[in-house]
Amino acid sequence: MQKPARARILDAAHALMLSVGLARATTKAIAKEAGCSEAALYKHFASKEELFVTVLKERLPRLTPLLQELSKDPTERTVEENLVRIAYEAALFYEQSFPIAASLYAETQLKSRHETAMREMGTGPHMPIIGLDAYLRAEQTAGRIRDDADTHAAASLLLGACAQRAFAYDAAGPYPPPPAERFARDLVRTLLTGIS
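The opening position of the sequence shown corresponds to residue 1 in UniProt numbering, with each subsequent residue numbered one higher.
Honestly, I wouldn't trust all of these hints.
Straight-line distance between alpha carbons at most 25 angstroms, and here's what the computed DSS-like set of lysine-lysine pairs gives [claimed, not checked]:
1. LYS43 - LYS3
2. LYS57 - LYS111
3. LYS43 - LYS28
4. LYS57 - LYS3
5. LYS72 - LYS57
6. LYS28 - LYS3
7. LYS43 - LYS57
8. LYS43 - LYS32
9. LYS57 - LYS28
10. LYS32 - LYS57
11. LYS28 - LYS111
Now the in silico label distances, taken between C-beta atoms and shown as ranges [to be verified]:
12. PRO176 - ASP147: 38 to 48 angstroms
13. LYS3 - SER196: 39 to 49 angstroms
14. LYS72 - PRO125: 15 to 25 angstroms
15. LYS3 - ASP147: 48 to 58 angstroms
16. GLU69 - ARG189: 21 to 31 angstroms
By construction, these hints were calculated from the structure, which means they are not laboratory data.
All C-beta atoms, glycine included, are put in the ideal place defined by N, C-alpha and C.
All chains, please: the whole structure from these sequences, using the hints.
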């Protein structure tokens, strides 16, 4: 039995965006790969940017839902356990999203159009920082991190390091990235020295 059109479109978009990058994954090519018309694609997604955001939300590690869940009830686990979960998911998210989005930086007009669309949809690369900052403020309120800790700076440091892991290492070469689990654990221990 064939998958529904929406699922086929997301599968095709994810595969093409990974293999040729966001800039070169056209809606026409995505529709062809999904076995549907371009008109059918636009019945499910208003724009290529909406399709990209949906791929990030539904086909990559689920960073945003984790942040939302933890900012509502942070106290089920320790701060360290929560931050390790966040850093692990973030490291995988950036590792998988970097090849998709990197092509945007080569085409300034496409990048500008993409950024405008992201703003109109109320999303963008700053949203995980906002989500992590909200979680850290909830921990601050619960008394589990210092009152004077700069939660926004801590969120920026943790997520920036996770993004840098995806960018700075050569996965196939002599300097592969550290395994995500070890990286997350070591990163969080270092960060907690400053905020706990």
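Here is how each hint holds up against the structure:
no.	hint	result
1	LYS43 - LYS3	16 angstroms, holds
2	LYS57 - LYS111	20 angstroms, holds
3	LYS43 - LYS28	14 angstroms, holds
4	LYS57 - LYS3	19 angstroms, holds
5	LYS72 - LYS57	20 angstroms, holds
6	LYS28 - LYS3	19 angstroms, holds
7	LYS43 - LYS57	19 angstroms, holds
8	LYS43 - LYS32	15 angstroms, holds
9	LYS57 - LYS28	22 angstroms, holds
10	LYS32 - LYS57	22 angstroms, holds
11	LYS28 - LYS111	19 angstroms, holds
12	PRO176 - ASP147: 38 to 48 angstroms	40 angstroms, holds
13	LYS3 - SER196: 39 to 49 angstroms	46 angstroms, holds
14	LYS72 - PRO125: 15 to 25 angstroms	23 angstroms, holds
15	LYS3 - ASP147: 48 to 58 angstroms	51 angstroms, holds
16	GLU69 - ARG189: 21 to 31 angstroms	23 angstroms, holds
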